[in-house]
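*Asks:* Next come the chains, spelled out residue by residue.
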Amino acid sequence: MNMAQFRQSFGGKLLLFSLAFFAVIGLFYWVVAEDWTMSAVETDTVSQSILLPAGSVAQQEFDSIVDGLEWLSVTPHFETSHPAGTATFTICDDQGVQLWQKSVDVSELESDRENVIRIEPYLPDMQDRSLALRVEPGETGMALWAGTSVSAGKFDINVKTEGLMVNGEALAANLVMKTGGHLLLSGAKYIWPVAAVLWAAMMGLCVITRRDINSKKNTLLTKVVRVYEQYRYLIKQLVVRDFRVKYKSSSLGVAWSVLNPLLTMVVYLFVFSTLFQSNVEYFPVYLLSGIVLFNSFSESTNLGLNSIVGNSALITKVYMPKMIYPLSKVLSSFINLCISFVPLLLVMLIVGIPFKKSLLLLPVVIVLLFMLCLGMSLLLATMNVFFRDTQFLWGVMVMLLNFLSPIFYPESIIPEQFLFIYRLNPIYQLLFFIRSIIINGVSPTPASYLYCILTSAVPLLIGIWIFRRNQDRFVLYL
Amino acid sequence: MDSIISVQDVSMHFRMDKNHTTSLKEWVVSWLKGKQQYETFQALNHVSFEVQKGEILGIVGRNGAGKSTLLKAISGIYRPTSGKVITAGRVAPMLELGSGFDPELSGHDNIFLNGAILGFSEEFLKTKYDDIVAFSELGDFIYQPTKTYSSGMMMRLAFSVATIIEPEILIVDEILAVGDAPFQEKSRARMMELMSGGTTVLFVSHNLDQIRTMCDRALWLDHGEVRMIGETKEVCDAYEQM
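Protein sequence lines, in the order shown, are assigned to chains G and W.
All residue numbers for the first sequence refer to our numbering, where the first residue is 54 and numbers rise by one.
All residue numbers for the second sequence refer to our numbering, where the first residue is 3 and numbers rise by one.
Think of the hints as simulated: they come from the structure by calculation, not from any bench.
All C-beta atoms, glycine included, are put in the ideal place defined by N, C-alpha and C.
Taking lysine-lysine and the DSSO-like style, the derived pairs with C-alpha atoms no more than 30 Å apart in a straight line are:
no.: 1; chain 1: G; residue 1: Lys270; chain 2: G; residue 2: Lys66
no.: 2; chain 1: W; residue 1: Lys149; chain 2: G; residue 2: Lys301
no.: 3; chain 1: G; residue 1: Lys299; chain 2: W; residue 2: Lys128
no.: 4; chain 1: G; residue 1: Lys276; chain 2: W; residue 2: Lys55
Here are the in silico distance ranges between beta carbons for each label pair:
no.: 5; chain 1: G; residue 1: Gln444; chain 2: W; residue 2: Gly78; range: 24 to 34 Å
no.: 6; chain 1: G; residue 1: Met256; chain 2: W; residue 2: Lys35; range: 49 to 59 Å
no.: 7; chain 1: G; residue 1: Glu469; chain 2: W; residue 2: His15; range: 53 to 63 Å
no.: 8; chain 1: W; residue 1: Ser50; chain 2: G; residue 2: Ile474; range: 56 to 66 Å
no.: 9; chain 1: G; residue 1: Leu258; chain 2: W; residue 2: Ser84; range: 25 to 35 Å
One chain only, chain W, in its complex shape:
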């Protein structure tokens, strides 16, 4: 099988300004003092792995282990300090509650806006529109501005957009537990459907049960390094014993 994501020796350093300068005055002052003081923080340290097409990779690790940084490097938001990420498909992050939504626009308009943000064309979104609305169970609320939505409605819409359009690579960062119980069940079913349908999923969660039930393989990140990668069960067991 072809690997759809190839992470090659990726390191990510953050330069933390000791005195975080965001004003011109501060910058000039620290420049005049002769040195800007930086502290480097190594979020990822020579991380390499491959993900096959259609695979579901769970990523586990403590807070601050670099999970989110890794996902951002894969989706292109961060450019690695060194190393390379090669992706052979469209990466769709599951946007956090409505961050791609404009509260003034209706749900209908937001579906198209959000789809466009994820890089899809108008024609494609039109063919998927009915499915998205149906899945979100919003009914006529779809024509109301999203600022009137409850957070549950918002989440249902966001989930529907991200999953119905069937991206090649889906990134899920801790957001499966939303909506009421039936919708949670439905979304889990949809995820399963996606995964069997060939979508590659990167799945970050602190809920090891979810990882165990859903993922083919797991990756354990520890202090920015790959501690372990392999069978979900082995990795999860090792992580739990830690």
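Just chain G, same shape as in the assembly:
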């Protein structure tokens, strides 16, 4: 058996598929593992400061929110001369057991600023532990800032606990301090087991389907395989046709796939920059990512919506699996999407966002968006056969969705009480996802993947179900 024969054989195909599958999972692991295991966290800081007298021993209780405590910061204050000597920082647990101690040369500390003291190696297993930080200033003493309220994001929260003890006396205040470190997310360690289970399931399905095909059984999967074998060339032809015809009579042709999002971005920038730009980092990229994603959604669902009614001449004359029509429309619109990532990368380069490895997650966004668009197209195409009003209604719905998704406005202006509605919006989830990987350069959390998959897969499953239930009746209504 030579190489080509082996590749064509069933075992060879399975092997190649398995290799490709695990290569993709390996790549995925490499990209997300770090972001899925550790996320940097800082505690909030105290404002409204009061000054502690020099020479006192301060002990501050705090709850660690991080798993691995990597650093803490204090803010000393020196009146005029810089004191000398060494200050000792100690962290104890609630039983008073000393976990870490470090002596710091006071002359190295800066007055009225956050001074980060690194904890090396970091303290593990600290999450939700009650800890205490004890600061013993050096011989000459040292003043530290303390305060009575905690600033958390936009608002001040009054600290109720009397966390600070000075020379054994409780004060109604807290030390100005921050702690930092990483949270251990368990996401990454599930990647390989989940992948292995998926792989085993797929192998099982392949073997079963092959057996069914050989024994000429009719199951859903054998049908899918047969249809794919027979019609994959048709799908390719239809996609190529749509793509060729689309720009046939325009002189710039395919360049419009690049120009269109860019020009839209310029228009939005022009209109909205004065309103919102101050809040959003890398606003052009923020805008463009939203525009590219939403345009693709709007274009593919509109094409998909008309795919059955618009092909009525063919559907009433020749048999083919009807799902091919919406599928080919969405596919051809996704060629456009892939092209419009070019200007996105270009603008990233111009505004100076570094290309990180998280960019390799772009295919995840494309696949999820594809599931969503295909699902919506199947649903809309079905509805449009029976109620031609659907096309007009959908035009309005798309506009509404455009405003209901943070495309040209920052996410932060969404009122907290409406956030749960936004979370149900698949576009919102995908926008969050793509901005996380291109602007922040980190993989979203596993929970975010789950949200995205759910909000994309549910429309797809509903779409397939509704379409299959009604497809035999299409021809009667065309």
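Could you slot chain W onto chain G? The hints should help.
*Replies:* Using the frame of chain G, we list chain W on its own:
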């Protein structure tokens, strides 16, 4: 011989909405009124017959007798209300003038598109491509968009695609009289060639002479029922006397 098409007790009912609702408003209104009014129209009524491999079956009948419905049920476009159609091969309908063609694409691209619509693979179409172009006599026009074609050119191309690829089952619905006289003669010859080459043909026509000369057997459909099936001559004579 094996039967390649088996039509088993096929009935086809159409539900005609009295007020054909295609807008949401109309649907809601009629739903609120309490009942959607339907009228059933029985296009096919317990039709059963078999077609052997390589046979040419002519189908005759008055307008509205259910001929087109029967062909659509056989090619899978309609799903019968009851009964079963079993086909053991690829059904290629001879598409009406250019309905499978994209006017913006060239004849060359349309051959592949149309072939793909009929369910054929790229490799297969490549082997047949030259024959199709030669038969269609389009010459260099094959690289022009089909929107520039005359209806005769379009028909020649459609006929060429449908017949050169030699489908197992070919459905011909009243379209033989196209093109100029030489092409008509050529296409008739090609049909004969196909039929002798093992392709099963379902042939619907109101032209009884064509049926008589081309078909092995004939089926007379009347009001959705099989009135008669058998020797072409007998069926045609009976139909004519009606």
